[in-house]
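Participant: The lines below spell out each chain.
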Amino acid sequence: MSDTDVRHDDTAPPGRDAVTGGRNGTGGRRRRRGRGEQPMVPDAEFRSYYGRPILHKPTWAAADIAGYLVLGGLAGASSVLAAAAELTDRPALARTGKLGAAVAIGGSLYALIHDLGRPARFVNMLRVVKPSSPMNVGSWLLAGYGPQVAVAAATAVSGRLPRLGRVATLGAGLTGPAVAAYTGVLIADTAVPVWHDAYRELPFLFVGSAAGAAGGLGLIGTPLSQAAPARRAVLFGAALDIVATKRMHDRLGMVAEPLHTGTSGRLLRAAQALTVTGAVVGGLLGGRSRVAAVVGGLAALAGSACTRFGIFQAGITSAEDPKYTVVPQRARLDEPAR
Amino acid sequence: MSSNLSDLLSGDDPPGAGGYPDPAPRFGFFTDTSVCIGCKACEVACKEWNHVPDDGLDFTGMSYDNTGGLGADTWRHVAFIEQRKPLGDQRANAGVVDLGLPSFTKPGQAEDAERGEFRWLMSSDVCKHCTHAACLDVCPTGALFRTEFGTVVVQEDVCNGCGYCVPACPYGVIDQRKDDGRVWKCTLCYDRVGEGMTPACAQACPTESIQFGDLDELRERADQRLAQLHERGITDARLYGRDEDDGVGGAGAFFLLLDEPEVYGLPPDPVVTTRDLPSMWRHAGAAALTLVAGLAIGFLGGRGR
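Going down the list, the sequences are from chains A and B. Counting from 1 along the first sequence, just add 23 to a position and that's the residue number in my numbering. Counting from 1 along the second sequence, just add 7 to a position and that's the residue number in my numbering.
The shape of chain B in the complex, shown without the other chains (with noise of 0.2 angstroms):
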């Protein structure tokens, strides 16, 4: 009964998921952020392929970022993050020959003051297309969809712009286009990955920070690099949606992160909404049968009185 009732709750998770008798290997992302150079050809690839239209050409003052973050009409969207910290293993006193030649005091290096190096974090950010989906959940309409590659999709032919599935979704991925009524994000290149294609914006990562394939090979792939960086003394790596055990199931787009996930705007543990929904429904039910009784017994009373 509990099983069936949570296959009711939750029945277009992976694997086995939306009735695909056979579903394909469930694709996803893995954002090596280590390597990212924020360039942002991955923004420009999805706002090409996907024909996203433009959300406005603002300064936000913040960063190089002037993008902001995800939303109805940015799919990817890279973070700028400056601080003062030595990158990996860089040496903050790194030997310096001297030749001889006229000083200059590096910025920074004078009696008492702090080093002037720092490190960027950049990471290019994208719909998680979770294992537990909260959008596809509570998708009222049916709009959103498992793929046959376990990725999560919009329907925009269907979505009737009811708005559930945006603050539904913990990572503050998918929205509304306020003009157009109906919600949007990124789909994975569904057109592309159907014909064998790399989604957009991993075609155009220039570094290979984004990698997309077969999920279970990115994340063996991850958790090399993972060991990798820490090997060479980059411990603030750490691998983000990676978990299968995590509040969403796992992400089939997850991350390599050089510092906590918040710093990036990322929830630090992500839970799906609908875990906690056959104890709200229980609540519910509790709540109107409360209801009822309260009610009644104020009939119980004398007329009049």
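Bound-form chain A, shown alone (with noise of 0.2 angstroms):
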């Protein structure tokens, strides 16, 4: 019991802080936190109604959305991979995009219906066209991007009708990069602190986890002689994914404390480590053993994985506590006062 106004003895009900007045009354402060974490950030002081979220947290399950953030941007950047091999004649590396990102794009289907509360009503994405629905243009591009997914991998690898198979896989190459960076608008597109501030970054942050990840699988499915764009793809995914990150970090203030703390923290840092690790055992050394390109290749997969949970994480996180809703709007209210 701390300082309630109404009872002082031990018979009191746990937890029932009855407290009349002032500003701790009303619940400002919060002294929970992680274990052994440090704060980066003083923390600042700031009202609310007895510390509970202004925002309603996202409804969706990391499992799902999350992962969809994932195999979304790895089905992307595989199609744009396998097109490029199939115009300058790689075909090991031509065929493992096009499997990765059938794959990848089924597993994204699948995660976004069992997401919706409900799935049977799923084709009511397509009931409008509408701008400024990123979920809705999302479902317009998966719409035309799916399909020539589905048709380059069914004759990649039953060898029939192979005139269509090149169009479908052009064209799949073509949508790739839209599938891939559109999922930094889905969830920057919202009131949640995190997501919505890093707006700038989070497109390019996910094309390069996307980069890592399609590079990664490439290294993993492809020969020696065939894989150097894929080496190429991780080293440049990781680079755009560690400026992206450093970018968010320092423009953010005090709403980025989510990235470096709590579970989103240690996922993020996680990713950041795969995702160097994959740089310099697949980008670096993947060319000369074809170990060293197998675990190059899961390093950059799991790394891309950590980043995207790190991120839907850390969006998580700020929703859950108003300090990240309140003290940025309090901020800029009385920013021309002073």
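Calculated from the structure, these hints are not laboratory results. Don't take every hint at face value.
In silico DSS-like pairs for lysine-lysine, Cα to Cα no more than 27 angstroms straight-line [said to hold, decoys possible]: (1) A:Lys269 <-> A:Lys80; (2) B:Lys92 <-> B:Lys185; (3) A:Lys80 <-> B:Lys54; (4) B:Lys185 <-> A:Lys80.
Pairwise CB distance ranges (calculated) [said to hold, decoys possible]: (5) B:Ile241 <-> A:Glu343: 33 to 41 angstroms; (6) A:Ala296 <-> B:Ala303: 49 to 57 angstroms; (7) B:His58 <-> A:Trp163: 43 to 51 angstroms; (8) A:Arg186 <-> B:Asp62: 56 to 64 angstroms.
Glycine residues also receive a C-beta, built at the ideal position from the N, C-alpha and C atoms.
With the hints as a guide, bring the two chains together.
Facilitator: Below you can see the structure in the form of structure tokens.
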């Protein structure tokens, strides 16, 4: 029991803080903090309604939606690799990209539909064309992209209709970048502080992460003789990922806190370590040994997954704590007065 | 071009909203919290009229508020805040007439002790029916729409439960009903208003803290009420959601508050997330091109190396 005005004795029910008056009485500060974590920025003073969140956190399940962010990026960038490999006569790399994209986009569709409150109504996504809704735009993108990926993979496996397969491969390669990039807008177009405030960096972080994942898959599934573009994709992806992450940390101020604390902080640190490992082992050494290529490729894939799950979790954390909503908005209001 | 783009990205904002050629006057709520007595009649009336299911009888242990906040099954929520502060111009040391009776010390009147007065802030929160409504903008199915009264309503036969509107709302109003999968929120009693009736909460409010009507009239009335309170020395009084230049273009349901909005669980400076959407799409476009360029360069080197 703390500073209750009602009863001071031991018979008071636990957790009953009927505090009157005062700024602290309305739940301004938060006392809980993860074990062994040092605050990077001193906690800002702010007022709230008994410490309750202002926003509703997303109803999305991490396995579905963060999972979709991983798979959608992997698919989109794999299609680009597949199309370029097709044009430059690297059949093994093209095949890996086509099959990888098909499996990943299949998983994406499953996750997206599974996460709906009313899965049977998923086709309602295509009821309207609505540029103000990134989810609607994404649905149309997937509706155009998915079938091309499926045809490209089916023709690659069966060996039939090679010309149709080529058209589908190139079409998927052209649509793929949009599929990989739009997910940054998808989550940024919310009131979730970390996601919204990072709207400039998220698309770049996500395409970097997508390039790393697709390159990683290319390293795993392609003989050394054709895997050079996949190695460079891993390096390119890692560089973009690291630069975007750094910029995001620098620009977001106190809202960046969930990016380096708690579960999301751990995931994002793991993501950076795995991404660098993937770049060094897969990207730099992967040309010399198949083992290094596979290990590096796996690290790059895992790094991409940790990035998406970390960003997803950071958003949830920032929605759950009113601090990340109130402090920046209050600062914005008080600024002209100073 | 830019005006066309912004039309596309926010085409459902009033006036002229949602393709109504001759829209009715925009309706809204003005909730004057200075006369709210915390009776929760609005919560009950809303539940009864709209068949909103119960969402558990929880004891929050924080105040007389056991509702907690707005959600799929709470479309009106009465907040209770207890503060060690006099209400308005109430005197802390009102003259006490000595009647020669045995004296009692008033609470907190002892030497060096803080005077014991405090005030209750009570406020009935509701969906703001924003001018620029993020929930409506991001809804991928068109289930959320702008009515002819300028309000924002979910079509439950269309909603597929994607949940996108939930984190999009800067106030934390709309939410998903778990057992049902769809999202729900205040409709500003679309059915009643269509019949020329007052929404259930405003009808039930015994102190006229909740006022329903033509938004322009409500704004005028609110300005008068604010001036009146300021005249009486209640300088804490402020309007919230009244300003048409705020981040959501002004709220269809706005408030007179007696403290900072965050004390009531309201965001101090909410901004519709889609305001930045054109810039978001530009960044995504640049990122997509970066991806193509970055991967293509990887194919330029010689084979094998």
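Participant: If a hint holds in the structure, say so; if it doesn't, say that too.
Facilitator: Right, here's what the structure says about each hint:
no., hint, verdict
1, A:Lys269 <-> A:Lys80, "25 angstroms, holds"
2, B:Lys92 <-> B:Lys185, "40 angstroms, violated"
3, A:Lys80 <-> B:Lys54, "24 angstroms, holds"
4, B:Lys185 <-> A:Lys80, "14 angstroms, holds"
5, B:Ile241 <-> A:Glu343: 33 to 41 angstroms, "34 angstroms, holds"
6, A:Ala296 <-> B:Ala303: 49 to 57 angstroms, "28 angstroms, violated"
7, B:His58 <-> A:Trp163: 43 to 51 angstroms, "35 angstroms, violated"
8, A:Arg186 <-> B:Asp62: 56 to 64 angstroms, "58 angstroms, holds"
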